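Taken in order, these protein sequences are the chains called A and B. When the letters of the first sequence are read in order and numbered with the working numbering, they come out as residues 27 to 265. When the letters of the second sequence are read in order and numbered with the working numbering, they come out as residues 27 to 265.
Check each hint, because a few of them may be wrong.
Chain copies aren't distinguished; within one or between two, either way the pair holds.
Unchecked claim - Quick list of in silico lysine to aspartate or glutamate cross-link-like pairs, EDC-like style, CA-CA up to 16 Å:
#1 K262 / E86
#2 K197 / D163
#3 K138 / E86
#4 K197 / E247
#5 K197 / E165
#6 K129 / E247
#7 K241 / E93
#8 K126 / E247
#9 K262 / E233
#10 K126 / D98
#11 K241 / D98
#12 K29 / E86
#13 K124 / E86
#14 K159 / D141
#15 K124 / E93
Calculated directly from the structure, the hints in this document are not laboratory data. Remember, it's a predicted structure, so these values are computed and weren't measured experimentally.
2 protein chains.
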Amino acid sequence: MSKIPVIEIFGPTIQGEGMVIGQKTMFVRTAGCDYSCSWCDSSFTWDGSGNHLVRQMGAEEIWNELEGYGGDCFSFVTISGGNPALLKNLGSLIALLKQKGIKIGLETQGSKWQDWFYDIDELTISPKPPSSKMETDFEKLDTIVSRLDGSGRISLKVVVFDEQDYSYAKKVHQRYHHVPFFLQVGNADITTEDRSSLVKELLLQYEQLINNVVKDPGLNEVKVLPQLHTLLWGNKRGV
Amino acid sequence: MSKIPVIEIFGPTIQGEGMVIGQKTMFVRTAGCDYSCSWCDSSFTWDGSGNHLVRQMGAEEIWNELEGYGGDCFSFVTISGGNPALLKNLGSLIALLKQKGIKIGLETQGSKWQDWFYDIDELTISPKPPSSKMETDFEKLDTIVSRLDGSGRISLKVVVFDEQDYSYAKKVHQRYHHVPFFLQVGNADITTEDRSSLVKELLLQYEQLINNVVKDPGLNEVKVLPQLHTLLWGNKRGV
Ligand code: SF4
Ligand code: SF4
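Next up, chain A with everything else stripped away, as it sits in the complex:
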């Protein structure tokens, strides 16, 4: 069986974002991304700075480590990256987790399809807005969304830093109007260690985003959320 490049395994903790916000979960973070977002808060997964952390692991090996940390205290595993959708052989881990009765959440920007998407319980597709300096391939996104549409197991999430991002988010919501849609406040300061001023700033930006959304008839059926883990633990990694 081919190996999966894993850069972090941690938990149990809670999911801080999106459709399963608050969910008790373990995390498996895979290495590698086809994007390089300007504000990426996980750039160590792809910019070389985390190379020493990458381990090539088999599904059983990952499971053993999950059990080692989580014991009998988890029933949900979140796979994040980087972009885990780069890894065709992640299917082996997903099959094993399902066999163990574990629910699976996964987040990807929607640049690649994998057949194992069908087996994810909570798939968050988070296309990246203009401030990321990345370009969305909407035809690819159309294909991914149309394959999973109506399953009740996908959602879209767009992070908003500025007005252009906000317009982009509206465009995405309009294009896939029937897919549950989450707006999330961007964290513009991914290095500060001053947690209390970060919390203050993030809550302020969250309030501003809410103020825009509540008066916008183009964004009625949306949920607007902060990143709970950033409010709780600032920019600390592995919590």
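Once you've looked at the hints, dock chain B with the ligands against the given chain A.
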């Protein structure tokens, strides 16, 4: 048509709690409660202090006011209290909202059944833990949960202030194991106007609750959430 005792109508804003956390919504708050929880943050709905705010309103009248505040900027209405389940004739408002294509969220402690529960899109049942000084009628709760079980439209939510509340929450989760379950941090200081120290304290308590949950095999399939509106707006009313 008989009238509904309404104490507040406001929005659009976001839902700060539970199964539809972050959802853009209008609020209708009804007057009256059969409980008197020690830490009730809406005691003006039942302790007499808000009597001058109560208006007896028909469904059409409530709708007109919702439209007046919300215009075309809403598609979701949350009904809260007090205990809206005391009001049999709330059915008229619920029927009207459904006719208008509006989705409906409602929260009640689960002490009373109403046939219009079947028409609520997102029904949160929040039985009150020991610190409230109230006593849960579990037989009544059994009936309510069993009637709505499997609908995908109910959840349970327990607010936790202390260890006894935590044990109570576990008991509730075990009794209704297949119902989506939310743990919420209690706000012990419902009067302070010092928002930044309130935020600090609430995040600290939230982290402590998470720390307990993550190492507890009896609480694997749960979501642990804060009250977003309290983080954003402190103890201010009508936001
Ligand atoms: S897609 Fe995600 S992991 Fe990749 S660069 Fe962008 S934010 Fe970072
Ligand atoms: S049930 Fe709710 S509204 Fe009634 S007293 Fe308790 S907290 Fe307050």
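Verification of the hints:
1. K262 / E86: neither (28 Å within a copy, 51 Å between copies)
2. K197 / D163: Close inside one copy (13 Å), not across copies (48 Å); limit 16 Å.
3. K138 / E86: This pair counts as neither: shortest intra-copy Cα distance 25 Å, inter-copy 49 Å.
4. K197 / E247: within (14 Å within a copy, 34 Å between copies)
5. K197 / E165: Within. Shortest intra-copy distance 14 Å satisfies the 16 Å Cα cut-off; inter-copy 49 Å does not.
6. K129 / E247: between (26 Å within a copy, 9 Å between copies)
7. K241 / E93: between (47 Å within a copy, 13 Å between copies)
8. K126 / E247: between (35 Å within a copy, 15 Å between copies)
9. K262 / E233: between (23 Å within a copy, 14 Å between copies)
10. K126 / D98: within (12 Å within a copy, 47 Å between copies)
11. K241 / D98: Intra 46 Å, inter 9 Å, cutoff 16 Å: inter-copy only.
12. K29 / E86: Only inside one copy: K29 and E86 sit 10 Å apart there, 63 Å across copies, limit 16 Å.
13. K124 / E86: within (13 Å within a copy, 50 Å between copies)
14. K159 / D141: neither (28 Å within a copy, 52 Å between copies)
15. K124 / E93: within (14 Å within a copy, 46 Å between copies)
Going through the hint list in order, the structure does not satisfy hints 1, 3 and 14.
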